[in-house]
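Trainee: Here are the chains, one letter per residue:
2 protein chains.
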Amino acid sequence: MGDLKLVKKFEVTDGFWGRYEKLVKDVVLPYQENALNDRIEGAEKSHCIENFRMAAEKLRTGQCDGEFYGMVFQDSDVAKWLEGAAYSLAQNPDPELEKRCDEIIELIGIAQHEDGYLNTYFTVKEPYKRWTNLHEAHELYCAGHMIEAAVAYAECTGKSRLLEIMCGMADHIYRHFIEEGAEGYPGHPEIELALMRLFRCTKEEKYKELALHFINVRGVDSEYYKKEKGRNSWSVWGSNADDKEYNQCMEPVRMQKKAVGHAVRAVYLYTGMADAAMETGDTTLTDACKTLWNNITQSRMYVTGAIGSAYEGEAFTKDYHLPNDTAYAETCAAIGLIFFANKMLYLERDRKYVDEMERALYNCVLAGMQLDGTRFFYVNPLEALPGISGEAQTHKHALPVRPKWFACACCPPNVARLLSSVAEYAWHLLPGKLFSNLFIGGTLDLGDVFGGKITLETAYPYDNKITYRFAPEGETMSVPLAIRIPAWSVDTVICLNGKPVSYEMEESGYAFLNRDFSASDVLTVELSMPVRKVYTCNKVSANTGKAAIQRGPLIYCAEGVDNADDVLSLSLKKDGAVTVSEFLPDKLFGIQEIYAEGYRETVNDALYSYEAPAEEECRITLIPYYAWGNRGLNQMRVWMPEKK
Amino acid sequence: MGDLKLVKKFEVTDGFWGRYEKLVKDVVLPYQENALNDRIEGAEKSHCIENFRMAAEKLRTGQCDGEFYGMVFQDSDVAKWLEGAAYSLAQNPDPELEKRCDEIIELIGIAQHEDGYLNTYFTVKEPYKRWTNLHEAHELYCAGHMIEAAVAYAECTGKSRLLEIMCGMADHIYRHFIEEGAEGYPGHPEIELALMRLFRCTKEEKYKELALHFINVRGVDSEYYKKEKGRNSWSVWGSNADDKEYNQCMEPVRMQKKAVGHAVRAVYLYTGMADAAMETGDTTLTDACKTLWNNITQSRMYVTGAIGSAYEGEAFTKDYHLPNDTAYAETCAAIGLIFFANKMLYLERDRKYVDEMERALYNCVLAGMQLDGTRFFYVNPLEALPGISGEAQTHKHALPVRPKWFACACCPPNVARLLSSVAEYAWHLLPGKLFSNLFIGGTLDLGDVFGGKITLETAYPYDNKITYRFAPEGETMSVPLAIRIPAWSVDTVICLNGKPVSYEMEESGYAFLNRDFSASDVLTVELSMPVRKVYTCNKVSANTGKAAIQRGPLIYCAEGVDNADDVLSLSLKKDGAVTVSEFLPDKLFGIQEIYAEGYRETVNDALYSYEAPAEEECRITLIPYYAWGNRGLNQMRVWMPEKK
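Protein chains in written order, with numbering that gives the first Met the number 0: chain A, 0 to 643; chain B, 0 to 643.
Just so you know, not all the hints are guaranteed correct.
All copies of an identical chain are treated as equivalent in the list; a pair is satisfied when it fits inside any one copy or across any two copies.
Said to hold, decoys possible - Okay, derived cross-link-like pairs now, DSS-like style, lysine-lysine, Cα gap no bigger than 27 Å in a straight line:
#1 K395 - K225
#2 K256 - K395
#3 K395 - K228
Read the hints as simulated data drawn from the structure, not as lab findings.
Could you build all of it, start to finish, from the sequences and the hints given here?
Mentor: Written as structure tokens, this is what we have:
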């Protein structure tokens with residue numbers, strides 16, 4: 000269990016996530032399919048499918064017209080889209096979509112060399128340079144994403160063609176790096192976590208061996224990229240082979256204590272490490288993963304679950320450096336943090352992994368996509384300043400409104416595949432325990448394990464009540480149910496049929512009930528979900544004297560459009576009242592607003608003045624962070640000064 | 000008047016500035032002389048003098064050993080040092096120093112081509128590329144600085160050899176750009192302001208014409224650098240010729256409304272424009288200067304007088320973008336702002352120009368140099384965060400301690416020349432009025448104008464009392480004295496011989512007394528100099544909810560070393576008491592500390608928490624900003640949260 004097979008076992012009927020699932024199916028996947036096929040006017044060209052067509056033509060005929068277009072890792076966009084489509088098909092059968100997927104997979108098969116090698120950049124553009132530039136050329140990265148797609152497509156549709164193709168590529172990689180002893184490790188980690196998935200799907204030990212190989216050799220020869228560059232007459236971007244932190248290869252991975260470098264690369268690597276640690280029981284690898292997890296979540300993570308403080312290198316920087324307006328906070332990095340958390344949870348049962356997973360999911364990842372599913376943020380700042388954001392030299396990356404598509408389009412399909420597989424993160428099944436992690440309405444069919452189905456009903460994240468119902472095949476079903484109690488829920492009430500029920504509150508943060516449930520049983524969990532103010536450790540310069548607003552898993556923000564076009568003049572009133580609106584179904588696709596007592600300062604004309612600006616009490620309107628930037632260009636702020 | 004001739008008329012005896020003048024003479028100039036001669040161990044190599052030796056040898060013999068070393072504008076370091084030495088010689092005759100200056104000037108003369116051309120980079124390294132790369136190669140910039148040195152050396156020592164040399168170079172430039180009609184304008188402005196000085200010193204109209212030429216053609220053909228690049232097979236740095244804002248050439252200078260691009264280039268250009276506007280009475284140029292001045296001081300200037308918000312391009316960014324920890328805030332840019340202010344004052348008599356000049360001088364510029372005169376900041380952030388500052392990718396430029404010397408050593412000699420000519424900015428003499436602008440103790444000998452000397456006594460900037468005494472040659476001297484009353488001094492008391500005296504408070508912010516003074520007269524000005532809290536217009540995101548501390552012209556800051564190694568946990572108490580210490584002669588070469596009532600929060604271990612950190616009242620110790628970073632690596636903060 001645990002490798003995205005629950006997507007098939009858990010039927011999502013949730014209001015909140017159901018909308019996203021439908022959006023992915025009806026809008027995001029079709030939109031991205033059009034993008035991959037260059038059918039969207041005014042958007043950046045993708046050329047992804049065309050690259051595969053050209054590679055296929057070249058392998059068939061020895062030549063092809065036109066030129067490869069796009070990033071060296073352009074293939075991975077197709078892979079991520081296919082993976083998202085697979086999850087969507089598992090939940091919502093769609094023969095037309097499946098047929099188009101199958102056609103793309105056929106095309107991919109034709110674009111594969113006889114020796115198993117698959118990569119359109121090299122096939123079309125650089126046929127003699129395979130495996131000569133691990134530092135920059137993303138061959139293993141693209142392979143990894145296509146392996147993930149292959150596993151997902153096989154598990155969700157039962158069709159194994161892509162799996163065969165990618166086993167062929169994985170075997171090719173094995174021959175090259177293990178049997179032929181080629182040196183090196185991937186510039187962009189991804190293959191490690193993908194090979195672990197392929198291993199579990201196929202039970203083929205050599206894929207685990209290959210994953211471990213890449214993990215084990217990384218950073219042992221920390222000069223590898225330099226040597227490779229010395230041998231090479233070509234470069235993709237002229238990347239600096241001396242910047243070892245960027246590639247997480249300054250030392251062997253088991254020695255690494257700080258999350259450094261390119262944030263997506265880092266968390267993809269750590270995900271593979273955690274997965275390998277689980278499969279091997281390697282405690283040194285487990286310890287390294289815990290150390291890196293703690294470093295991220297205790298000193299390098301935004302309150303939205305975003306990671307990566309700097310545009311430069313799209314990277315982690317230093318402990319406690321978390322600027323709000325210039326944050327990089329890439330959507331893909333938050334997704335990678337969710338992957339990492341998900342694997343850590345298998346290493347150590349602790350709600351903290353789910354709490355942070357939920358933080359990243361409900362805030363940074365959702366913010367990555369416009370609510371209508373057609374535009375995307377690559378970068379998710381915690382403060383938007385029209386006139387500066389997206390315009391100043393220092394803020395070119397931090398756009399205040401979402402563009403349609405990107406030349407480097409890693410994030411949109413990554414969001415699609417995560418949102419369409421969110422069910423997978425909701426439940427974990429380990430021997431002897433079923434873990435209810437994320438509160439997503441739907442029906443879990445684990446008849447083979449527990450002799451019945453479990454239905455979860457909720458209006459979470461806006462409502463605090465989680466209801467479990469049971470549909471035993473016989474009289475009752477015995478379920479060892481461990482329910483995550485989020486750290487922010489300090490007074491949780493759990494009732495069976497309206498009466499408090501006894502349960503074991505585990506140190507790990509799970510409420511454990513091991514009992515027989517009948518069809519009439521109604522188990523309810525009422526989380527305490529008041530509006531909370533959040534404070535940052537005051538080693539973080541950007542947030543001193545400030546507070547943010549959170550309710551349940553949702554971080555809130557103030558936007559100009561709700562606050563007289565000026566949120567910089569606002570401050571929260573310490574111990575001021577905060578109230579929650581009714582659910583507003585027509586606002587931003589359904590949200591609850593929060594109103595906080597605060598102050599509004601008059602704006603001085605002078606840049607500097609000796610008089611404190613006059614202030615008057617006011618009501619600050621806040622919306623969930625994930626919904627920001629959906630109403631045109633305006634200011635946005637998560638952290639606001641707090642005053643008595 | 001007004002071209003640094005007051006350096007010879009005003010003998011500085013001031014305690015505060017006297018120390019700096021002595022420091023420049025005894026430490027800074029000798030240190031920099033050693034640096035220019037590569038005699039300082041462990042510092043970046045300069046090679047400046049050696050470049051001139053090589054150029055001289057090559058012109059004498061047709062060849063030279065070795066290679067040019069350093070920046071393309073390396074010559075300008077010698078020029079700025081000579082200019083500083085000239086001012087120092089005016090105040091403190093030193094035959095040995097003057098002899099060494101004369102020797103360097105002789106060397107410069109030998110390094111000059113017969114046609115007047117002077118530039119060691121081109122002479123030694125690129126003899127066939129003269130004037131082919133105005134965008135990057137700094138020929139006009141170097142010429143400008145050497146012209147400034149020549150004017151200063153002539154005025155301060157009476158020796159005209161360097162002036163002859165540089166008139167030769169200026170004539171050469173005139174022939175090339177005016178008579179031969181060469182296209183283009185300097186990548187780094189400086190020649191404009193220098194030619195205006197040369198014009199006033201020599202009365203040679205063609206130098207003014209040449210200055211105006213460069214001002215007038217700038218940005219008219221905004222594509223000039225692109226065309227030049229198209230013609231060129233060489234480049235110094237591969238600079239982007241499309242970035243017109245960087246070079247202030249996106250449109251003709253009279254059309255420019257926002258201060259953009261490289262901050263030093265910008266203010267050097269504006270200084271030349273203001274000077275030309277004064278000499279020509281060109282109101283369109285005057286208006287452009289006022290617009291640019293207002294844009295800088297009303298939305299793009301730090302409270303320390305620093306300018307340039309971004310490392311990228313060492314540049315201005317957008318209105319109200321003033322980050323504290325990543326500020327570029329180059330010392331040279333603040334110096335340039337002082338030059339600009341000084342010229343604006345001739346265009347428009349208004350104390351605001353002096354107020355901002357004083358702000359930049361007493362805060363940013365002084366902070367650029369270690370108190371012992373041996374180390375320098377290029378970048379002057381308003382917040383230093385050990386572990387992040389100087390280390391994170393985003394903060395590599397923002398060092399928390401001063402290094403010895405820089406590969407690009409523009410700032411240290413620029414500080415030296417400003418500090419040794421500060422007397423020049425203290426007084427302005429216009430027909431019918433003597434303006435007392437900066438309060439620097441010393442004796443002004445204007446016997447030829449007023450028939451006597453004026454002595455100013457003060458312990459400013461720490462004491463609020465300014466005393467003027469008079470030494471008429473006859474019974475009395477008639478002085479039309481306009482004394483600047485800084486905007487922060489709201490209740491100023493002016494007395495003659497201990498009794499309030501009547502004066503005209505001009506709208507321009509000057510107190511004007513036009514009367515006869517006798518030898519027994521004592522005129523005192525008592526400025527009101529309480530500790531003030533400063534607030535930033537809340538369009539500036541970085542400073543919302545925060546206040547800074549100012550007293551007189553001095554901006555204060557809190558350093559870790561005075562505050563339990565943690566200033567990020569501190570906040571100022573709104574309406575809390577602020578007190579000033581006695582003058583502490585042994586602390587940081589003599590300062591007054593400020594103690595502010597405030598709060599210290601406990602530091603949470605958790606990155607995010609739902610409980611507001613506990614806080615207790617505390618006393619915050621602040622020191623003048625200019626003195627920060629003199630006691631090792633530690634935190635520093637100018638803007639602190641303010642709480643009730």
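Trainee: Within, between, both or neither: how does the pair K395, K228 come out at a Cα-Cα threshold of 27 Å?
Mentor: For K395 and K228, the Cα distance is within 27 Å only across copies (26 Å; inside one copy 30 Å).
Trainee: For K395 and K225, with the copy left unspecified, which applies at a CA distance of at most 27 Å: within, between, both, or neither?
Mentor: Between. Shortest inter-copy distance 23 Å satisfies the 27 Å Cα cut-off; intra-copy 30 Å does not.
Trainee: If the cutoff is 27 Å on CA atoms, where do K256 and K395 land: within, between, both or neither? Let me know, please.
Mentor: For K256 and K395, only the inter-copy Cα distance (22 Å) is at most 27 Å; the intra-copy one is 31 Å.
The structure agrees with every numbered hint stated previously.
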